[in-house]
Structures are given as structure tokens and as C-alpha cells.
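A.B. asks: Below are the chains, spelled out letter by letter.
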Amino acid sequence: MLILHCPYCDLNADETELAGGGEAHIKRPGMDADDTAFETYLFSRKNPRGPHFERWRHANGCGKWFHAARCTQTLEVFGTYPAQTLEPPADIIAKIRKRHPDWQSDTEVKVAS
Amino acid sequence: MKRYSAFAIAREAFRYHTGWERAWRSPEPKSRYDVVIVGAGGHGLATAYYLGKNFGITNVAVLEKGWLGGGNTGRNTTIIRSNYLQDPSAAIYEKARGLYETLSQDLNMNVMFSPRGVLMLAQTEHEVRGYKRTAQANAYQGVDTEFVSPERVQELCPILDIGGPRYPVLGALWQPRGGTARHDAVAWGYARACSDMGMDIIQKCEVTGITQSGGKVTGVQTTRGDIACGKLGIVVAGHSGQLAEMAGFRLPIESVALQAMVSEPIKPCMDVVVMANSVHGYMSQSDKGEMVIGGGTDIYNNYTQRGSFNHIEETVRSLIEIFPIVSRLKMLRQWGGIVDMTGDRSPIISPTPLGGCFINCGWGTGGFKAIPGSGWAMADMIARDAPGPLAAAFSLDRFAEGRFIDESVAAGVAH
Chain A
1 MLILHCPYCD
11 LNADETELAG
21 GGEAHIKRPG
31 MDADDTAFET
41 YLFSRKNPRG
51 PHFERWRHAN
61 GCGKWFHAAR
71 CTQTLEVFGT
81 YPAQTLEPPA
91 DIIAKIRKRH
101 PDWQSDTEVK
111 VAS
Chain B
114 MKRYSAFAIA
124 REAFRYHTGW
134 ERAWRSPEPK
144 SRYDVVIVGA
154 GGHGLATAYY
164 LGKNFGITNV
174 AVLEKGWLGG
184 GNTGRNTTII
194 RSNYLQDPSA
204 AIYEKARGLY
214 ETLSQDLNMN
224 VMFSPRGVLM
234 LAQTEHEVRG
244 YKRTAQANAY
254 QGVDTEFVSP
264 ERVQELCPIL
274 DIGGPRYPVL
284 GALWQPRGGT
294 ARHDAVAWGY
304 ARACSDMGMD
314 IIQKCEVTGI
324 TQSGGKVTGV
334 QTTRGDIACG
344 KLGIVVAGHS
354 GQLAEMAGFR
364 LPIESVALQA
374 MVSEPIKPCM
384 DVVVMANSVH
394 GYMSQSDKGE
404 MVIGGGTDIY
414 NNYTQRGSFN
424 HIEETVRSLI
434 EIFPIVSRLK
444 MLRQWGGIVD
454 MTGDRSPIIS
464 PTPLGGCFIN
474 CGWGTGGFKA
484 IPGSGWAMAD
494 MIARDAPGPL
504 AAAFSLDRFA
514 EGRFIDESVA
524 AGVAH
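Protein chains in written order, with the working numbering: chain A, 1 to 113; chain B, 114 to 528.
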């Protein structure tokens, strides 16, 4: 069973206490955005086979949203952090990098292109 | 290819069964094909089969990362039905169900299609209204379904507890020509027929890259060398996201685990398929006597082909509620498959931003029943370079246009 650490309650929560909320760090485009940008925001998902940042809610606990970094290939959890975070924290990135040296975060991909 | 027949069994009986040949060839990949299909599951093989049968395109390779039919084709609960609410869904699923009726004869392989009937239980007032509406829609679509009373449900499936404390059965959507088929035989039958037409089925051949030039696909890089192609069909279910990334676009799809399990074999006790979407469980009895059981998907993205234990418990708990007799059954085995879920729970059969590259994915939790119709529509699209009448509504641009084919309400959980 998946166990995630709730950063608010500071305790480990079983999957049965949690509700999944899908991909994290999706930015809503502004009013001047075109249709493609809005389609991407609403529907397109990274769905990676590997490290994945996602939203979770401690539904049967404090009820608050938080973020988790998890590998979809091995189910390894790299860590959780509060939802009021615009980008994954550096320590979690470092943990992911340790396991997956070739892995690139989204921000780096954008810089590269 | 030697045909399977009663005469062939008799002939082989006289020579100690030494004359059976392999069902399909395992050739080395050629350097170029007119069409390359990625994914030798049911949908990929059916695509190749109808490319050959309906359009005479036989210079085709079907590439498979693992073994043939080892993904969701071999992991589902084999239910076949077409009682969908929306017109495009009813059209393609009914096409598939119709093709299943004669698939054994078409493929000269017994796929054991058993139109034993499918009951979808209505256990809340919402479901009663929903299924009555679906039955009405099906009447216009030419799909034979009817809404039946709780008494009729009990008659069709005596082991069902219709009085259930939490969710009494208030009626059901009954599709008498729905049923089950042998999932492996469907994949094997298509593979054998494809191989017989001269197509190459190449197993243990993982696609690692897609090459393109001037916005058009030119070939694929694989673990067994580069293969050039005129057109490319991506039919890889849970791993569609990875292939799409190689081709340079993103999909409105998330991959999650869906689990199923079978019990120890018992004497025949139910001759219909029962789906109970309010309590998240469905069950049928296989020809071997095992109770085949499925439930809802897991809640998180996953590529491991294993699911969460708490979902097994939830599924079994809900089944015991409607089938008290299963409470003492031992489970024989349990497994998971990676399903590709779209937002509207309808598939994507579509051209892609990359020229000459077509994709068939997003069947989510309900792909097996659609295999023949999906292959038919995909082959039509690849051959004519444009989606035909069955596929048109399922194009990728429906998300940008807000033209959803919303089956998430109609189909509930077991889809």
C-alpha cells in the first residue's frame, strides 16, 4: 500500500486516507492565452514513466492538499511538500537525481529548448 | 497455414500430434515496411489484420516490446458489450460486438465468443434513470438492450442477492447478446491470420525512437535495429504517453493500474455477466469454473502492472454484498494491467501532429470488447490517411474543441 507523509499533520498516511489529485505544478495560462495553451492546461498530461510530481489530499485526515514526488515505475516516494510551493524543492530534486541521473525537471527542459 | 478443423484433429490424432505447426512465424525484421504497427496486443493485431483483409496492405510489421498479447489483452476480464449511451461509442462498440459474433469463423481460431448476456445492475435511483435513458438511446442506435425488473434480474442470475442491505437491486440494463470471449485466443487468432497474409510479427522488439523528416514519420528505432516505414500506427495502451513523447506530442492521457482476479474453479453457478457499478465490482464465470472478478482503477499514476491491496479488498467486499455465496471462495490469482485513461473515458483514434503517424489509445478500462471494431476503424484510417465514420468522433482535436464523448457517467466505473 502506498504510504505518504502528510507535511501538515507530520505523520505517515496510508493510501486509504488519501485522495489523488493528478499532476502537480500545472500553471493556468493568462487571459490572453490562445486555445492551444488552454487545451494543454486542461487536458495534456506528462504521464511520465519515472519521477512524477503529483497532488494529493489528506482526505480522511486534515483534509489539506499537498504535493508528492513519486516514481511511477518503481513506486518509490522521493518526498512530500506543502501545496503552496510553485516548484519542487531542491532536496527532492537532489533525491530524484541520485536515483535517476539522466532525469530532467520541466524547468530545465524549458531552458534547454 | 494449415486450417484448424475437426478433420485436422483426426489427422493429427493418427500421427501423435506431430504435425501441428507454429501459429505464426517469428521472422527477423526487414529494413522497411509500408506500415509499422507498434504494439502486438489485440488492437494492434486487429489493425494489421483489417489492413490486410479490407485494404490488401500486407507489407506490415507488428512490433511488440514483450510477448504477443501479454499486456492488457491478456489481463482483462473478457467482457464484451456495446450498451453505451453516446452515438459514436455505441457505433464502434456494436461494430466490434458484431464482428465478435463471427470472429472464430473469420480467423479459423476458436475465440470462444459466448453471448451469454450482460446485466448492468441499477442500485440507485440515479442508475435506474441513467440505464432507462441508455436503453432508449440504444433502441435508436440499433443496439439490442432493455431495462429489466428486479424479478427478471433474479431469474437471470439466481445467486444475486437483490434485497442487499445497502444497495438493493432496482432493475438492470440487460444486453442479451453481450458476453465474453477467450482473450488470448483473440490475440493469437489475429496474429495467426496476419502471419498467414505475410505480415511480420516481431516480439521482444522495443521501439526506442521515432525518426521523422519534414514533419513526416520515416521509421522507428528499435532494440532490434532501425526499421523504415511509410506509415506508423501507435497502439500501445498504457505506454501511449512514451511513444507520443518520441513522436513529439503530448496526450490527454494518464496511465493507472486496473486489477482483476479469479477464484478457484467451482461448479457452474452463473451464466450471465453481472456488473454492479454502484459498489464497484463485476463478475462472470469462466468456462473453467473460475469466477472472474474486476473492480475499479487505482487512484495514482502507475506503470508497474501491480495494483494496491486495498483495492482488492474493496472489490471483494462489494462483491460479497451482492453475491453472498462468494464469501467462502478462495482467490486463485490476482494481477494488474496499465490502462490509459482519457478525461471523457472515451478512446482516441486519430491522426497526430506528426504526418503519417496515427494513434489508437485511451481505451482505458474497456478495450477488450472493442478490439475488432477498433482495429477495423484504425485500419480504415491508416489506409485512407483520414479517419472514417467509426473513428471521426474520436479524434485528438475533440479536446480542444470541447467535443467530448462523455462515457464517464454512462459507463460508471467498470467500463
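Read the hints as simulated data drawn from the structure, not as lab findings. Please note that a few of the clues may not be correct.
[As the list claims (entries may be wrong)] Taking lysine-lysine pairs in the DSSO-like style, the calculated list, with each CA pair at most 30 Å apart, reads:
#: 1; chain 1: A; residue 1: 46; chain 2: A; residue 2: 98
#: 2; chain 1: A; residue 1: 98; chain 2: A; residue 2: 27
#: 3; chain 1: B; residue 1: 380; chain 2: A; residue 2: 46
#: 4; chain 1: A; residue 1: 64; chain 2: A; residue 2: 46
#: 5; chain 1: B; residue 1: 401; chain 2: B; residue 2: 208
#: 6; chain 1: A; residue 1: 46; chain 2: B; residue 2: 166
#: 7; chain 1: B; residue 1: 443; chain 2: B; residue 2: 380
#: 8; chain 1: A; residue 1: 98; chain 2: B; residue 2: 178
#: 9; chain 1: A; residue 1: 95; chain 2: A; residue 2: 64
#: 10; chain 1: B; residue 1: 208; chain 2: B; residue 2: 115
#: 11; chain 1: B; residue 1: 329; chain 2: B; residue 2: 317
#: 12; chain 1: A; residue 1: 46; chain 2: B; residue 2: 401
A.B. asks: Each of the hints needs a verdict: does it hold here or not?
C.D. replies: Outcome of the hint check:
1. A:46 x A:98: holds (21 Å)
2. A:98 x A:27: holds (27 Å)
3. B:380 x A:46: violated (47 Å)
4. A:64 x A:46: holds (24 Å)
5. B:401 x B:208: holds (28 Å)
6. A:46 x B:166: Violated, because 36 Å separates the two Cα atoms, which is more than 30 Å.
7. B:443 x B:380: Holds, at about 14 Å.
8. A:98 x B:178: It holds: about 28 Å lies between the C-alpha atoms, which stays within 30 Å.
9. A:95 x A:64: Given pair residue 95 of chain A, residue 64 of chain A holds - Cα atoms ~25 Å apart, limit 30 Å.
10. B:208 x B:115: holds (29 Å)
11. B:329 x B:317: holds (26 Å)
12. A:46 x B:401: Between residue 46 of chain A and residue 401 of chain B the Cα gap is close to 41 Å, so the pair fails against 30 Å, i.e. violated.
Against the hints set out earlier in the document, violations occur for numbers 3, 6 and 12.
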